[in-house]
Amino acid sequence: MKKKVLVVDDEEGIRLFYKEELKEEGMDVHAAASGEEALEKLEADKYDLVILDIKLPGIDGIEVLRQIKEKWKTLPVILCTAYHHYKQDFGTWASDAYIVKSSDMKELKDVVKTILNRRN
Amino acid sequence: MGYETLEKVIELTDSSEALKKRLDSVADVLSHAFSFDQCAIYLYDEDKKIFNLCSLAGDEGGVVVTTYQEREGLPHHALAMDKPVIANMSDADRVVWRGIEDRGMTGFATAAVYPVKDDTSNYGVLYLKNRHRKVLSKRRRKLLDIIALQLSMTIKTQYCISNLTAANAQMRDMQARLIHAEKLVALGEMAATLAHEIKNPLLSIGGFAKRLSRQFNEDAPARLYVDMIAKESIRVEKLLDTILSFSVNKGFELNEEDINNVVNDALAFFEGEFRRVKIKVDRELKPDITPVRVDREQLKLAFSNFFANSMQAMGNGGILTLRTYSDDRWVFVEVTDTGGGIEPDIIRNIFNPFFTTKEDGTGLGLSIAHAIVTNHNGIIEVVNDLGKGVSFIIKLPAALKG
Ligand SMILES: Nc1ncnc2c1ncn2[C@@H]1O[C@H](COP(=O)(O)OP(=O)(O)OP(=O)(O)O)[C@@H](O)[C@H]1O
Ligand SMILES: [Mg+2]
Ligand SMILES: [Mg+2]
Chain A
353 MKKKVLVVDD
363 EEGIRLFYKE
373 ELKEEGMDVH
383 AAASGEEALE
393 KLEADKYDLV
403 ILDIKLPGID
413 GIEVLRQIKE
423 KWKTLPVILC
433 TAYHHYKQDF
443 GTWASDAYIV
453 KSSDMKELKD
463 VVKTILNRRN
Chain B
10 MGYETLEKVI
20 ELTDSSEALK
30 KRLDSVADVL
40 SHAFSFDQCA
50 IYLYDEDKKI
60 FNLCSLAGDE
70 GGVVVTTYQE
80 REGLPHHALA
90 MDKPVIANMS
100 DADRVVWRGI
110 EDRGMTGFAT
120 AAVYPVKDDT
130 SNYGVLYLKN
140 RHRKVLSKRR
150 RKLLDIIALQ
160 LSMTIKTQYC
170 ISNLTAANAQ
180 MRDMQARLIH
190 AEKLVALGEM
200 AATLAHEIKN
210 PLLSIGGFAK
220 RLSRQFNEDA
230 PARLYVDMIA
240 KESIRVEKLL
250 DTILSFSVNK
260 GFELNEEDIN
270 NVVNDALAFF
280 EGEFRRVKIK
290 VDRELKPDIT
300 PVRVDREQLK
310 LAFSNFFANS
320 MQAMGNGGIL
330 TLRTYSDDRW
340 VFVEVTDTGG
350 GIEPDIIRNI
360 FNPFFTTKED
370 GTGLGLSIAH
380 AIVTNHNGII
390 EVVNDLGKGV
400 SFIIKLPAAL
410 KG
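Quick mapping for you: the protein sequence lines, in order, are chains A and B.
So the first sequence is numbered by my numbering: it starts at 353 and just counts up by one.
So the second sequence is numbered by my numbering: it starts at 10 and just counts up by one.
Just to be clear, a hint being listed does not mean it is correct.
From the structure, some residues in chain B lie toward chain A, with a derived Cβ separation under 10 Å [what the hints assert, rightly or not]:
id, residue
1, K208
2, P210
3, L212
4, G215
5, G216
6, F217
7, A239
8, I243
9, L249
10, S254
Derived lysine-lysine pairs resembling DSS-like cross-links, with alpha carbons at most 25 Å apart [what the hints assert, rightly or not]:
id, chain 1, residue 1, chain 2, residue 2
11, A, K355, A, K398
12, B, K17, B, K147
13, A, K461, B, K240
14, B, K309, B, K295
15, B, K289, B, K404
16, A, K407, B, K247
17, A, K458, B, K247
18, B, K287, B, K309
19, B, K247, A, K371
20, A, K398, A, K461
21, A, K461, B, K247
22, A, K371, B, K240
23, B, K240, A, K375
24, B, K367, B, K247
25, A, K375, A, K458
26, B, K17, B, K92
27, A, K355, A, K371
28, B, K240, A, K458
Please keep in mind that the hints were generated in silico from the structure rather than gathered at the bench.
No experiment lies behind these values; they were computed from the predicted model shown.
Note that beta-carbon positions come from the ideal geometry of N, C-alpha and C, so glycine has one too.
Please model the entire structure based on the sequences and the hints provided.
Laid out in structure tokens, this is it:
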């Protein structure tokens, strides 16, 4: 069974880039362009991992993270943003990892694999 | 002789000339009006606790004392007694009058020393001397009393004005620094927003260029073009990361820290590189130094910028000296290199954002360090030794006890 991953980002380019890259790693990748859309998708389907941008139109990534952790306690979330300074807070926000966005996908892929393997 | 002298003195002391010039004129007028061989005005220096000769008129051939110690001679006596001293020596060779020795009396027979003071401060003395014995009428003594009072008011006013001017300059200086700091904060916020907006599309550009590159043969020209896109976008990405990693509006996390640890932490990052380019590090870190309340990560970032600059200035090796010490107000960190220093005509620009003399510099290093230190109520001083190297002295407020 392929792992089902949801990428949440308001940038079309990034959604497509992440999708393509993670597909190559053998995952079933879906995307949402806003927090609202992400929550809808999570209601409708069962996912193994969420990759979540913080700066989003409408409800922001932090709020989405809070709602996810409330409803789907064990669903892992990777916060992924261009900012560095949230890093020290991510523990308190209870995300499973924090990645600073980069065109070099290595770090993100490594973290994704570690988290998915942990779930096995 | 009388009221004209007084009028003249008042006119002179009220003029807009510098204090010294006014007192010079007064001394001149008095030596003539009272026909004394010498008329001197001494000002008390509260810091050094001495009396300095400010103005002298009349017979300059005679003995002149340029400074009296606080507890020396007739000036001290007059101020301590809080009244004028009229000293008459039995002969001009004596310098001791009623047990008080005064070097200035050599060759003089009569001295009239008037305290110049008010209820709160001693300002100095008015000191008149004559070679031959001289009798001062009651009327003349009264007149000198009034003149001494006028002098004390003049000096007091002048001191008040000087203090005000200094306070004013200090305030202007602080204001300028505040404005600079505010500008930096605003600039930082703007830069962060802008960097974020650029970074997202840039990631797609770089990311897809990399993906595209894999679809071409190693030797296809298109592969070269696409690799160039990828490479260049990584360069911009790094620049944006620098800006984004420094976000001024981020809340500070202040903790009591030993500055030596922070310096050592920041240094650890550079050690390998320093070895490679043959930079020797001299550490003179004061043990058990007064703690500071700082955001450790931010300060590490600030120090890293100084270290990076020094390293770049010492391309052919050198010595980096790190010194820490403290007094009761400040904790000091000195970063000194032997990288040749900074050209004087650019030195005022080095803290400006985007000012750089390096081909691949962003010019943000020092402006970031400056903003961080300022946010900690600290101060950076630069001691530039052109041809040798430069010292950056970072002053951070000592943490309050308890
Ligand atoms: N230790 C030093 N010795 C000589 N020149 C210095 C030193 N530190 C700073 N400068 C001068 O000040 C300029 C500004 O320094 P700053 O750190 O702000 O930017 P930069 O070093 O040029 O760029 P970046 O920090 O991005 O590498 C430098 O380009 C250099 O000319
Ligand atoms: Mg976004
Ligand atoms: Mg620099």
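Verification of the supplied hints:
Annotation: interface hint on K208(B) holds; nearest CB of chain A at approximately 4 Å, less than 10 Å. This hint holds: P210(B) has a C-beta 6 Å from the nearest C-beta of chain A, less than the 10 Å allowed. Here the hint on L212(B) is kept, as its CB sits about 5 Å from the closest CB of chain A, short of 10 Å. Proximity of G215(B) to chain A holds as hinted, the smallest CB-CB distance being about 3 Å (cut-off 10 Å).
A hinted interface residue such as G216(B) counts as satisfied when its beta carbon comes closer than 10 Å to some beta carbon of chain A; here the least separation is about 4 Å, so the hint holds. Interface hint status for F217(B): upheld, as the beta-carbon distance to the closest one in chain A is roughly 6 Å, under 10 Å. At a threshold of 10 Å, the smallest CB-CB gap from A239(B) to chain A is about 7 Å, leaving the interface hint in force. Nearest Cβ of chain A to the Cβ of I243(B): about 6 Å, under the 10 Å cut. The hint holds.
The beta carbon of L249(B) comes within 8 Å of a beta carbon in chain A, closer than 10 Å, and the hint placing it at the interface holds. Because the closest C-beta pair between S254(B) and chain A is about 4 Å apart, less than 10 Å, the hint holds. Between K355(A) and K398(A), the direct Cα distance comes to roughly 10 Å. Compliance with the 25 Å bound is thereby established for this hinted pair. This hinted pair checks out: K17(B) and K147(B) have alpha carbons roughly 20 Å apart, not beyond 25 Å.
Note on K461(A) and K240(B): the hinted pairing holds, with a Cα-Cα distance of about 20 Å set against a maximum of 25 Å. As the CA atoms of K309(B) and K295(B) are separated by approximately 18 Å, the hinted pair is consistent with the 25 Å bound. Our distance criterion of 25 Å between C-alpha atoms is met by K289(B) and K404(B), whose separation comes to about 24 Å. Distance hint between K407(A) and K247(B) is fulfilled; the C-alpha atoms sit about 20 Å from each other, no more than 25 Å.
Our distance criterion of 25 Å between C-alpha atoms is met by K458(A) and K247(B), whose separation comes to about 16 Å. Under the criterion of a C-alpha separation no larger than 25 Å, the hint pairing K287(B) with K309(B) is consistent with the structure, at around 22 Å. Proximity of K247(B) to K371(A) is assessed by CA-CA distance (about 23 Å); at most 25 Å being required, the pair is judged to hold. The hinted pair formed by K398(A) and K461(A) meets the criterion: a straight-line CA distance of about 21 Å does not exceed 25 Å.
The straight-line distance between the Cα atoms of K461(A) and K247(B) is roughly 20 Å, inside the 25 Å bound, and the hint therefore holds. The hinted pair formed by K371(A) and K240(B) meets the criterion: a straight-line CA distance of about 22 Å does not exceed 25 Å. Restraint check: the Cα-Cα separation between K240(B) and K375(A) comes to about 24 Å, which is no more than 25 Å; the hinted pair holds. Taken as a hint, the K367(B) and K247(B) pair is honoured in the structure, with Cα atoms around 16 Å apart against an allowance of 25 Å.
Of the supplied pair hints, the one linking K375(A) and K458(A) holds, its CA atoms being roughly 14 Å apart against a limit of 25 Å. With a C-alpha separation of about 24 Å, the suggested pair K17(B) and K92(B) falls inside the 25 Å cut-off, and the hint holds. For the given pair, K355(A) sits about 13 Å from K371(A) by alpha-carbon distance, which is consistent with the 25 Å threshold. Our distance criterion of 25 Å between C-alpha atoms is met by K240(B) and K458(A), whose separation comes to about 16 Å.
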